[in-house]
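> Numbering (the numbering used here), first residue to last: 1 to 75.
Worth double-checking, as some hints may not be accurate.
Said to hold, decoys possible - Below, simulated SDA-like cross-link-like pairs (lysine to any residue); rule was C-alpha separation at most 25 angstroms, straight line:
{"id": "1", "residue 1": "Lys27", "residue 2": "Asn15"}
{"id": "2", "residue 1": "Lys26", "residue 2": "Gly53"}
{"id": "3", "residue 1": "Lys2", "residue 2": "Ser21"}
To be verified - Estimated spans, in silico, between C-beta atoms of each pair:
{"id": "4", "residue 1": "Gly53", "residue 2": "Lys4", "range": "18 to 24 angstroms"}
{"id": "5", "residue 1": "Gly22", "residue 2": "Phe54", "range": "26 to 32 angstroms"}
{"id": "6", "residue 1": "Gly63", "residue 2": "Arg13", "range": "17 to 23 angstroms"}
{"id": "7", "residue 1": "Lys26", "residue 2": "Gly56", "range": "17 to 23 angstroms"}
{"id": "8", "residue 1": "Leu32", "residue 2": "Gly12", "range": "25 to 31 angstroms"}
Please keep in mind that the hints were generated in silico from the structure rather than gathered at the bench. Just so you know, even glycine gets a beta-carbon here, dropped at the ideal spot from N, CA and C.
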Amino acid sequence: MKVKMTLDIFSGRPNSTLEVSGTEAKKILEQLDVRSAFRKNTDATAPELVNLGFRGIILEQSGADTDKNFLLICV
1 MKVKMTLDIF SGRPNSTLEV SGTEAKKILE QLDVRSAFRK NTDATAPELV
51 NLGFRGIILE QSGADTDKNF LLICV
């Protein structure tokens, strides 16, 4: 399993990303205890981001046996 973390801070420019896999990915998900909160990328209930600047952290998992692969952590 891989986890891609995106710092959602820019408007009109690519956001910073980091991708981890294996044990590191598993540790991140365990520490955040968020696996059950992942949802489909096309989920209509996802919040609409309208503010500028730091909006949160986006976690995307791939290679997992689930169709839910997207999580937004707003702070």
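> Each hint should be assessed against the structure and marked as holding or not.
These are the hints, each one checked on the structure:
no. : hint                                 : in the structure
1   : Lys27 with Asn15                     : 23 angstroms, holds
2   : Lys26 with Gly53                     : 29 angstroms, violated
3   : Lys2 with Ser21                      : 4 angstroms, holds
4   : Gly53 with Lys4: 18 to 24 angstroms  : 21 angstroms, holds
5   : Gly22 with Phe54: 26 to 32 angstroms : 28 angstroms, holds
6   : Gly63 with Arg13: 17 to 23 angstroms : 28 angstroms, violated
7   : Lys26 with Gly56: 17 to 23 angstroms : 22 angstroms, holds
8   : Leu32 with Gly12: 25 to 31 angstroms : 29 angstroms, holds
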